[in-house]
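Construct the complete structure from the given sequences, taking the supplied hints into account.
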Amino acid sequence: MTHTSATVAIVSTRLQRQTVQTLFVTCASALFAALQMHSDLATHAAGAAFFGSLAGIYLAIGQRGGRMRELDLCEQSAPLYARELARAGALVPCIGATMAIAAYWIVAAISSGPNVLAPAPIILSIVCANAVTVIALCATVRAGFNQAFYIVLAAALAFTVVAIEFPQPPASFLLCAIAGFIGLRQYGEALAAWDPIPPV
Amino acid sequence: MRAAAFTRRGLQIVSTQDVDLEEGGRLAHACAGNRAASIVAMMAAGLVRATSGNVFVGAFDPRIQPVQVKRLAGYVAHEALPHEFPTFERYIDYRAALWRLSPAESVVRGRRILADLEGIHEAFAYPLAGALIAQPLLLVLDRPQAVYAPQLLTVAKNCAIFSTHGSENEADRFAEACHVRV
Numbered sequence: 000m001t002h003t004s005a006t007v008a009i010v011s012t013r014l015q016r017q018t019v020q021t022l023f024v025t026c027a028s029a030l031f032a033a034l035q036m037h038s039d040l041a042t043h044a045a046g047a048a049f050f051g052s053l054a055g056i057y058l059a060i061g062q063r064g065g066r067m068r069e070l071d072l073c074e075q076s077a078p079l080y081a082r083e084l085a086r087a088g089a090l091v092p093c094i095g096a097t098m099a100i101a102a103y104w105i106v107a108a109i110s111s112g113p114n115v116l117a118p119a120p121i122i123l124s125i126v127c128a129n130a131v132t133v134i135a136l137c138a139t140v141r142a143g144f145n146q147a148f149y150i151v152l153a154a155a156l157a158f159t160v161v162a163i164e165f166p167q168p169p170a171s172f173l174l175c176a177i178a179g180f181i182g183l184r185q186y187g188e189a190l191a192a193w194d195p196i197p198p199v
Numbered sequence: 000m001r002a003a004a005f006t007r008r009g010l011q012i013v014s015t016q017d018v019d020l021e022e023g024g025r026l027a028h029a030c031a032g033n034r035a036a037s038i039v040a041m042m043a044a045g046l047v048r049a050t051s052g053n054v055f056v057g058a059f060d061p062r063i064q065p066v067q068v069k070r071l072a073g074y075v076a077h078e079a080l081p082h083e084f085p086t087f088e089r090y091i092d093y094r095a096a097l098w099r100l101s102p103a104e105s106v107v108r109g110r111r112i113l114a115d116l117e118g119i120h121e122a123f124a125y126p127l128a129g130a131l132i133a134q135p136l137l138l139v140l141d142r143p144q145a146v147y148a149p150q151l152l153t154v155a156k157n158c159a160i161f162s163t164h165g166s167e168n169e170a171d172r173f174a175e176a177c178h179v180r181v
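These protein sequence lines map, in sequence, to chains Z and L.
Under numbering that gives the first Met the number 0, think of the first position of the first sequence as 0, with each following residue one higher.
Under numbering that gives the first Met the number 0, think of the first position of the second sequence as 0, with each following residue one higher.
Bear in mind the hints are in silico, worked out from the structure with no lab data behind them.
Being a predicted model, the structure only gives us computed values, none of them experimental.
Just so you know, even glycine gets a beta-carbon here, dropped at the ideal spot from N, CA and C.
Heads up, a few of these hints could be off.
Said to hold, decoys possible - Quick list of simulated restraints, FRET-style, between CB atoms:
no.: 1; chain 1: L; residue 1: Ser51; chain 2: Z; residue 2: Val151; range: 32 to 40 angstroms
no.: 2; chain 1: Z; residue 1: Cys26; chain 2: L; residue 2: Arg1; range: 52 to 60 angstroms
no.: 3; chain 1: L; residue 1: Ser14; chain 2: Z; residue 2: Pro169; range: 51 to 59 angstroms
no.: 4; chain 1: L; residue 1: Thr15; chain 2: Z; residue 2: Pro169; range: 52 to 60 angstroms
no.: 5; chain 1: Z; residue 1: Leu30; chain 2: L; residue 2: Asn157; range: 53 to 61 angstroms
no.: 6; chain 1: Z; residue 1: Ala147; chain 2: L; residue 2: Arg110; range: 45 to 53 angstroms
no.: 7; chain 1: L; residue 1: Val146; chain 2: Z; residue 2: Leu14; range: 30 to 38 angstroms
no.: 8; chain 1: Z; residue 1: Val199; chain 2: L; residue 2: Pro149; range: 29 to 37 angstroms
As structure tokens, then:
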């Protein structure tokens, strides 16, 4: 058995369990795009990055606790390294966030015309949402102040990217890439030290 | 476990535990409350690290070699598994993928274990079969019910069994049903 089979099992099971939430953010994203009908490219670019990030944070927070607890325990009791769990776990909300952004751009292209489609804003919105999602995931294995800090950090990254997107697209890409890479490493390390003790 | 305890934010949740279990042995361990029982089971299965003292499963320390410990230990949680998997086979496929086992062999083994667990509610039978498909040397049970003890002994065969319980009474009841030491 390869490492891929464990990743596929984790991703498919978690996606299946989060189907409703994923569909919800995808539909909400499409609705948000439709409400911005006749807006220009800059507005759509900011909207996609912002809404994709919001969807990513929402899906990331849903990865732990509640209905996910049984899967958490099953995955944690499996002989897998934390980095493997982190990569597989991060894929799930990232797929959801990417789906939300895809829905946004499809509806934007239909409602505002194909002139709003440009490769750089589309790719940047996907990269931004995924980086924000990974940082928000770090909050799920922390509690109290640290948890709130990581959520605020994820939101701050989204706002920064939206703010510098048009004057400095390469800087936005670089910021997202660095933040995403550090966030994923942090998540893996936090997951390795995480104790899935039952709630009080 | 040698003087193993678990503390969170200065609050001791699990007091010092000293437990010895030989290969193939059976032990019902009483803890001070359900939460402590749950955490002790997780410590024995390598899911939670003791904040003080030592835990060794085989020759491995979960703090340093968690993956090796998890290969040796099969963990069965107390919480019932919701029926998210449409079939037992899908559940076993999922477990087999996580443990990197052959799916076909695991399903055959899982079905055999499930047949031996006849009479046990599937919310407990599925996770138990899932834990046993990897043929662990140690089976860790978080607050199992005494009523399922006979079937449990049948499927565990030579595997060591370590169960945790929320009170002395529950541990005694399980030990009596299982004919194991407390």
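Quick rundown of the hints versus the structure:
In this structure the hint that serine 51 of chain L and valine 151 of chain Z lie 32 to 40 angstroms apart at CB holds, the actual value being about 33 angstroms. The supplied range of 52 to 60 angstroms is met by cysteine 26 of chain Z and arginine 1 of chain L, whose beta-carbon atoms lie about 55 angstroms from each other. Between serine 14 of chain L and proline 169 of chain Z the beta carbon distance is about 57 angstroms. The supplied range of 51 to 59 angstroms therefore holds. With their beta carbons about 57 angstroms apart, threonine 15 of chain L and proline 169 of chain Z fall inside the hinted range of 52 to 60 angstroms.
For leucine 30 of chain Z paired with asparagine 157 of chain L, a C-beta distance near 59 angstroms keeps the hint of 53 to 61 angstroms intact. Hint check: alanine 147 of chain Z to arginine 110 of chain L, Cβ distance near 47 angstroms, so the stated range 45 to 53 angstroms holds. Checked against the hint of 30 to 38 angstroms, the pair valine 146 of chain L and leucine 14 of chain Z passes, with Cβ atoms roughly 37 angstroms apart. A beta carbon spacing of about 34 angstroms between valine 199 of chain Z and proline 149 of chain L agrees with the range 29 to 37 angstroms that was offered as a hint.
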